[in-house]
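J.: Sequence:
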Amino acid sequence: HIVAVDALWAGTPVVTRPGDRLVARIPASLLFALGMERLLVVRGWQDYHAVMLAVASSPHVQRRLRRVLDERRARCPVYKDTWFSSEFLRVAAMAWDVRVATEGAERTRYHVQRALTVWQCPGEG
1 HIVAVDALWA GTPVVTRPGD RLVARIPASL LFALGMERLL VVRGWQDYHA
51 VMLAVASSPH VQRRLRRVLD ERRARCPVYK DTWFSSEFLR VAAMAWDVRV
101 ATEGAERTRY HVQRALTVWQ CPGEG
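Its first residue numbered 1, the sequence shown is counted upward by one per residue in the working numbering.
If you're looking for bench data, these hints aren't it; they were derived computationally from the structure.
Honestly, I wouldn't trust all of these hints.
[To be verified] Between beta-carbon pairs, the in silico distance windows are:
1. Val100 <-> Leu53: 36 to 42 angstroms
2. Val23 <-> Ala93: 23 to 29 angstroms
3. Ala33 <-> Ala105: 34 to 40 angstroms
4. Asp6 <-> Ser58: 21 to 27 angstroms
5. Arg17 <-> Tyr110: 40 to 46 angstroms
6. Gly19 <-> Ala93: 30 to 36 angstroms
7. Ala54 <-> Glu87: 32 to 38 angstroms
8. Ala7 <-> Arg38: 15 to 21 angstroms
9. Phe88 <-> Ala7: 33 to 39 angstroms
10. Ala50 <-> Asp20: 21 to 27 angstroms
11. Arg72 <-> Arg17: 16 to 22 angstroms
Values in this document were obtained by computation on a predicted structure and should not be read as measured data.
Don't be surprised by glycine CBs; every beta carbon is placed ideally from N, CA and C.
Working from the sequences, and respecting the hints, build out all of it.
T.: Here it is, written out as structure tokens:
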């Protein structure tokens with residue numbers, strides 16, 4: 001899914017077929033956020049093949065999709081770095097407040113310290 005996220009960020013159209021797992025649905029979610037689901041999100045493998053063939057074989061379709069993607073990406077909150085990071089920090093702070101309220105500050109600090117120890121790279125510390 002990271003490849004699809006990066007491709008969309010770079011302005012490259014992505015055709016996707018959502019699956020059962022989260023990683024198989026992320027590209028479709030981004031295309032929905034961009035309002036491009038009717039063009040690039042397919043339901044079956046035959047549709048996937050047909051859309052891929054149509055995009056790959058037509059420079060005109062490729063240019064048009066890139067232009068639409070560029071226009072919509074510029075307006076999409078998911079691709080606005082400052083908005084996304086501030087929202088992420090706001091939600092993280094809310095999660096912290098809930099955890100402190102339910103477990104207490106000391107227990108929460110213990111879990112954070114433990115997590116930091118586990119995430120520490122070899123040679124750090």
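J.: Which numbered hints are broken by the structure, listed smallest first?
T.: Per hint list: 1 and 9 violated.
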